[in-house]
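Engineer: Sequence:
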Amino acid sequence: MARPILRTALCDLLGIEYPVISAGMGPVGGGAAPAAVAELAAAVSNAGGLGVIGGAGFSPDALRAEINKVRAMTNKPFGVDLLLPSNFMGGAASGELPRDPRDLVPKETRDGLKKIAESLGIEWLEAPNTPNPLANRRAGAGMSDDQMEVVIEEKIPVFAAGLGNPGPFVERLKANGTKVLSLVGNTKNAKRVAASGVDVVVAQGTEAGGHTGRIATFVLVPQVVDAVAPTPVVAAGGIGDGRGLAAALALGAIGVWCGTAFLVSNEANQPDIQKERILAAMDEDTRITKLYSGKTMRNITNPLIEAWDAAGIAALPMGLQGVLVADLLYSVRKAGKTEYLMNAAGQVAGLLKSSRPAADILHDMVAQAADILARKLPATVQAVPA
833 MARPILRTAL CDLLGIEYPV ISAGMGPVGG GAAPAAVAEL AAAVSNAGGL GVIGGAGFSP
893 DALRAEINKV RAMTNKPFGV DLLLPSNFMG GAASGELPRD PRDLVPKETR DGLKKIAESL
953 GIEWLEAPNT PNPLANRRAG AGMSDDQMEV VIEEKIPVFA AGLGNPGPFV ERLKANGTKV
1013 LSLVGNTKNA KRVAASGVDV VVAQGTEAGG HTGRIATFVL VPQVVDAVAP TPVVAAGGIG
1073 DGRGLAAALA LGAIGVWCGT AFLVSNEANQ PDIQKERILA AMDEDTRITK LYSGKTMRNI
1133 TNPLIEAWDA AGIAALPMGL QGVLVADLLY SVRKAGKTEY LMNAAGQVAG LLKSSRPAAD
1193 ILHDMVAQAA DILARKLPAT VQAVPA
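Numbering (the working numbering), first residue to last: 833 to 1218.
Derived from the structure by calculation, the hints contain no laboratory data.
Each hint should be verified, as a subset may be incorrect.
[Said to hold, decoys possible] No more than 16 Å apart at the CA atoms, straight line, and that leaves these computed lysine to aspartate or glutamate pairs for EDC-like: (1) Lys1020 / Glu985; (2) Lys947 / Glu958; (3) Lys1006 / Glu985; (4) Lys1169 / Glu1138; (5) Lys1185 / Asp1203; (6) Lys947 / Asp932; (7) Lys1122 / Glu1138; (8) Lys1166 / Glu955; (9) Lys1185 / Glu1138; (10) Lys1023 / Asp1058; (11) Lys946 / Asp1141; (12) Lys1208 / Glu1171; (13) Lys901 / Glu871.
Let the hints inform the model, and build the full structure from the sequences given.
Structural biologist: Right, here's the structure in full:
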């Protein structure tokens, strides 16, 4: 059976067959390694979309190795996603660093977290090897500056900024022929990144899993399309099948960025129990919280998230928040309470019913969208004689 044809300007821009990008998902399941690793990126690219590595979870050396691994698995275009938050560690990277990163966390904030753990019956334990977000980092450097150097040196086909403005790196990236994408959650940031010279703005609605904003996809996308024209726009947030893809194109986007749909794929580096929770979730089973990273992040809800939000503790800047919760998450694992770990997922989880190969997910999405656009929509529209 012949595969359907569904091409947009995104396909020509990125050199891909279908206008579908798998999100560069970082460590979304409570683990240290990203969910979007070489296997997932290569599977999506080989299937005709654009696979993206979640680079934020890799050290610079490990990221270089993962890029080479993708290149050994596919000759198709692929991308790398990094996070470029503007307030990483609350500016701590520019000051004198303590030997123990815990010393950067206010005592009252840590005490508040300990009370939450106690209320849930979790014994507080200190992690033996708390990762220091500032270790081996140049003074004043941002969260991903060292990884960005790898991305530039490796001359990858596509770079995506999952957070922040890639503007400072755009000129060097484009000199290598790299196409630059930037995710935004409102029109203000859309205009900002478009002005910095990105090739594509990815407008992500609040329905999305992981780091997300406050505006729904259906109203965000057309506003961003109008705000940044002629820069093209890709839609993200709540898109898990061909209906979502067709709707995104109707809103003026030239393609889609999908995370949760591929998070339950066979190739995603996600524990089975985390995939099962996503597949079992209904439309109201996710919740936005700052608990795990300091930024607004949509997860499958759990009692720990609910207790954190109820306590009203102010989240720390990204990086510092990770230091704050490191001991808590270590304690959670030791207590066997894996359901309290980060389990990022979007509201589209309620639409997903099974784990299967990424290629099948992509091809079914494209086939359904092509059928809607070519047959079902025209059949519902009746021309009225003048």
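Engineer: Next, verify each hint and record whether it holds.
Structural biologist: Evaluation of the provided hints:
1. Lys1020 / Glu985: 31 Å, violated
2. Lys947 / Glu958: Holds - the C-alpha atoms of glutamate 958 and lysine 947 are around 15 Å apart, at most 16 Å.
3. Lys1006 / Glu985: 12 Å, holds
4. Lys1169 / Glu1138: 15 Å, holds
5. Lys1185 / Asp1203: 21 Å, violated
6. Lys947 / Asp932: Roughly 22 Å separates the two Cα atoms, so the pair is violated.
7. Lys1122 / Glu1138: 11 Å, holds
8. Lys1166 / Glu955: 9 Å, holds
9. Lys1185 / Glu1138: 26 Å, violated
10. Lys1023 / Asp1058: 10 Å, holds
11. Lys946 / Asp1141: 14 Å, holds
12. Lys1208 / Glu1171: Not satisfied, since the Cα-Cα distance of roughly 41 Å exceeds 16 Å.
13. Lys901 / Glu871: Answer holds: lysine 901 to glutamate 871 is near 9 Å, not above 16 Å.
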